[in-house]
Amino acid sequence: MTLAFLFPGQGSQSVGMGADLAGAFASAREVLQEVDDALGQPLSKLMREGPEADLTLTENAQPALMAVSVAVMRVLEKDFGVSIERAAFVAGHSLGEYSALCAAGALTLADAARLLKLRGQAMQRAVPVGAGAMASLIGPKTDVALAEAAAAEGSKVGVCAVANDNNQGNVVISGDKAAVDKAIEAAKALGARAIPLNVSAPFHCPLMQPAADEMAAALAAATILSPRAPVVANVTARPTLDPEAIRGLLVQQVTGRVRWRESVLWLAGEGGVTRFAEAGSGKVLSGIVKRIVPDAETVPLNGPADLEAFAASL
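Residue numbering for the sequence shown follows the working numbering, beginning at 67 and increasing consecutively.
Source of the hints: derived by calculation from the structure; they are not laboratory data.
Fair warning: this is a prediction, and the values are worked out from it, not measured in the lab.
It cannot be assumed that every hint is accurate.
[Unchecked claim] Derived DMTMM-like pairs (lysine to aspartate or glutamate); straight-line CA-CA distance at most 25 Å:
(1) K349 to E96
(2) K356 to E336
(3) K111 to E100
(4) K243 to E280
(5) K254 to E214
(6) K243 to D279
(7) K349 to D361
(8) K349 to E151
(9) K144 to E214
(10) K243 to E125
(11) K349 to D86
(12) K144 to D103
(13) K111 to D372
(14) K356 to E151
Based on the sequences and whatever the hints tell you, model everything.
Here is the structure:
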């Protein structure tokens, strides 16, 4: 059985995430403390106690989600003897790509935390609050072609692009508010339902170029090593082990499309993956994988019991 570890993105955060893991394992507590120290803020307290509004802020949610994902992997390795090399591949959704890279040893935990804090801040700075928007196009008729057609209509009045190709029936568009509003109307005319997303900025579209420039400078100064397992990149939906390629792909990812559907199809197809273990908070990716590859086995790894059962199954 070929295994891939998956790492969730923004939207999977919740107050209390990682608390049971930290309560049960010193190795998890060490990860959270290291992130707190790297950021110079009590992020673990915010994760444990809230308030939810503060945890949901992009600059907090991104490093917090990474911290929980890496804590899961650290516990697997230190307490259950399951190393990252047990996986044929790793992949993460948007910020989850940093979690994947950290778990695979390409980034240090401190660097990953600082880069994600900056990434969240830079994304927020890139576009004034309220000027941008995102919307999820859903329904059986929704695919990337429909979303691209809707975005093309929106582009007539401003920036509008496909941000996340999550799965058939769930594609996210992003851009200027007026352009996204026009794209929503076009999508409805094409037979999709559209749900405006409660986000603070229009992620993964060309409006994020100022944030991409900030990340390019930060990543140029960061040490990136070859990961211990190939990382399937969001913007290419293909694996890489090359540190310089990873550096460039992380910059492209800020403005580029998250090709999640294509990534999972590649993993299940050419990659031969039959078991997807989601390391971190929640089980959003597990649900998405099942919609893309119904025959795949998905294993959310959240609490101590999940990790114990998973380790025993290997």
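The hints, checked one at a time:
Proposed proximity of K349 and E96 is supported: the alpha carbons are some 24 Å apart, at most 25 Å. Between K356 and E336 the CA atoms are separated by roughly 18 Å; this keeps the pair inside 25 Å, and the hint holds. Between the alpha carbons of K111 and E100 the distance comes to roughly 13 Å, so the proposed pair stays at or under 25 Å and holds. Only pairs whose Cα atoms come within 25 Å are accepted, and K243 paired with E280 is accepted, the gap being roughly 23 Å.
Taking the CA atoms of K254 and E214, the gap is near 13 Å; set against the 25 Å cutoff, the hint holds. Distance hint between K243 and D279 is fulfilled; the C-alpha atoms sit about 22 Å from each other, no more than 25 Å. Distance check on the hinted pair: K349 and D361 sit about 17 Å apart at the alpha-carbon level, within 25 Å; holds. Restraint check for K349 and E151: the C-alpha separation of about 22 Å stays at or below 25 Å, so the hint holds.
Proposed proximity of K144 and E214 is contradicted: the alpha carbons are some 45 Å apart, above 25 Å. Between K243 and E125, the direct Cα distance comes to roughly 22 Å. Compliance with the 25 Å bound is thereby established for this hinted pair. For the suggested pair K349 and D86, the alpha carbons sit about 16 Å apart, so the restraint of at most 25 Å is met. Distance check on the hinted pair: K144 and D103 sit about 21 Å apart at the alpha-carbon level, within 25 Å; holds.
Proximity of K111 to D372 is assessed by CA-CA distance (about 23 Å); at most 25 Å being required, the pair is judged to hold. About 24 Å separates the Cα atoms of K356 and E151, which keeps this hinted pair within 25 Å; it holds.
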